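Protein sequence lines, in the order shown, are assigned to chains X and V. Under the numbering used here, the first residue of the first sequence is numbered 7, with each subsequent residue one higher. Under the numbering used here, the first residue of the second sequence is numbered 261, with each subsequent residue one higher.
Treat the hints as calculated values from the structure; they're not laboratory data. Mixed in with the good hints, there may be bad ones.
[Unchecked claim] Keeping only pairs whose Cα atoms sit at most 20 Å apart, straight-line, the calculated SDA-like set for lysine to any residue is: (1) V:390 with X:116; (2) V:272 with X:58; (3) V:337 with V:356; (4) X:118 with V:421; (5) X:118 with V:422.
All values reported here derive from a predicted model rather than from experimental measurement.
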Amino acid sequence: MSAALRSVNGEIRVDMRSFNTFSEIKDQLEEKLRRIDSYALGTLVTLDMGDKHLSSKQIREIEDILLDHGLHLRELRSNSRPREEEDENPFSDMPGYSDTALICRHLRSGQKVFCEGNLVILGDINPGAEVVAGGNIVVMGSLRGLAHAGAFGDESAIISAYRLSPTQLRIANHITRPPDGEVIVVSTPELARIRAGKVVIEKLKI
Amino acid sequence: MKSRVIVITSGKGGVGKTTTTANLGTALAMTDKKVVMIDTDIGLRNLDVVMGLENRIVFDIVDVVNGNCKLKQALIKDKRFDGLFLLPAAQTKDKTAISPHQMKNLTNELRKDFDYILVDCPAGIEQGFKNAVAGADDAIVVATPEISSVRDADRIIGMLEASGLNNARLIINRLRSKMVKRGDMMDINDILDILSIELLGVVPEDESIVVSTNRGEPAVLETASRAGGAYRRIARRLMGEKVPMLSVDEENVNFVDRFRKILKLAR
Numbered sequence: 007m008s009a010a011l012r013s014v015n016g017e018i019r020v021d022m023r024s025f026n027t028f029s030e031i032k033d034q035l036e037e038k039l040r041r042i043d044s045y046a047l048g049t050l051v052t053l054d055m056g057d058k059h060l061s062s063k064q065i066r067e068i069e070d071i072l073l074d075h076g077l078h079l080r081e082l083r084s085n086s087r088p089r090e091e092e093d094e095n096p097f098s099d100m101p102g103y104s105d106t107a108l109i110c111r112h113l114r115s116g117q118k119v120f121c122e123g124n125l126v127i128l129g130d131i132n133p134g135a136e137v138v139a140g141g142n143i144v145v146m147g148s149l150r151g152l153a154h155a156g157a158f159g160d161e162s163a164i165i166s167a168y169r170l171s172p173t174q175l176r177i178a179n180h181i182t183r184p185p186d187g188e189v190i191v192v193s194t195p196e197l198a199r200i201r202a203g204k205v206v207i208e209k210l211k212i
Numbered sequence: 261m262k263s264r265v266i267v268i269t270s271g272k273g274g275v276g277k278t279t280t281t282a283n284l285g286t287a288l289a290m291t292d293k294k295v296v297m298i299d300t301d302i303g304l305r306n307l308d309v310v311m312g313l314e315n316r317i318v319f320d321i322v323d324v325v326n327g328n329c330k331l332k333q334a335l336i337k338d339k340r341f342d343g344l345f346l347l348p349a350a351q352t353k354d355k356t357a358i359s360p361h362q363m364k365n366l367t368n369e370l371r372k373d374f375d376y377i378l379v380d381c382p383a384g385i386e387q388g389f390k391n392a393v394a395g396a397d398d399a400i401v402v403a404t405p406e407i408s409s410v411r412d413a414d415r416i417i418g419m420l421e422a423s424g425l426n427n428a429r430l431i432i433n434r435l436r437s438k439m440v441k442r443g444d445m446m447d448i449n450d451i452l453d454i455l456s457i458e459l460l461g462v463v464p465e466d467e468s469i470v471v472s473t474n475r476g477e478p479a480v481l482e483t484a485s486r487a488g489g490a491y492r493r494i495a496r497r498l499m500g501e502k503v504p505m506l507s508v509d510e511e512n513v514n515f516v517d518r519f520r521k522i523l524k525l526a527r
């Protein structure tokens, strides 16, 4: 048994339906590609997986194999439910921050607000108060307390405030605090986000 | 005139709730208002000592709510003013001896006879605080210019709002204008920025408070006392008068000014 390989309109289609394990698929693909080295670089490849399901890690492996031969993965056809892949990330079925809560008051010490989506606060967050959001946090006032954006692990979440002087900032699983002994007075709106694995604070450009 | 129940609270201990209650109560009574001060700090009562009325206590607030005595029997009339009364706390019980519901009934009972009912709240956020705010119409939050005090005041304002008291006003106590000028102490604007409530008044740090407290004579009775003057102005604001806020410099009256003031009073 071998994988059917066809060329359609300058694209390659590989039929992988008859293979069960991922290692079989990989071996077959390697073998086929070795034979078709004459194809032009940059040709697009479509893989038909049938009922099988590939994890994102496996897809990356396949892409690597294709790239070794100068080919690009165009599409991965699969009949399996796309849900299964999402099982890897337990929070991907979270609402895509479609909901945003608007809080029109000051949050005082001891008060806590949580929202699965984004949070917008029209007021101050005082020291001792906490805001936690699954998505982004925007404070139209002074942020002096604790803010945690991307609480379910979204590292792309941001925290911005009209005056950003928090006791602590958390984005996903990163925790930062202002440096000890340094009092930095900034009188412009700022934004905190993760860049290269670190929470950085930058000027908010509007 | 509709009577007002005003709770004086702070969260943190030692910032001057009791001193403020005693002075505001006395200052209001000086203007011929009928005033009663309730000490709700059961187990750690102080207001009677500050007022110099400790030796007159027979019945206390717990006796009243338990029906051991009539309300009128427990009220202690002040030595100096006929319109000023104190309802003392019990010293041998604790905060759980009364409930918020009983407190509400008690304040409603007092509304019939008094213009101002000042409730001296204990420190903390537990039962004592809940009792004190139960029957209140207004709240005065006392804070000193220290981070810890401002933090606790913030917490208390949040809790007051949660119990329906949205109109809390702030008294900044023990402000040292010299330290503020040097930048060693939080200034009024720093505090107002965080707490964002209406400022009722600023009381300067004044050694005469210690003396008057020890003697059981509220500082408002002394014309020369700077803190006493500040409390008199706050009392007028409480009565709805428009009294301009003095700037920190003016609050810090120098010797010559004070001398002139005394001369003017003597005339």
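* To do: Please write out, lowest number first, the hints stated earlier that are contradicted by the structure.
  => 2 and 3
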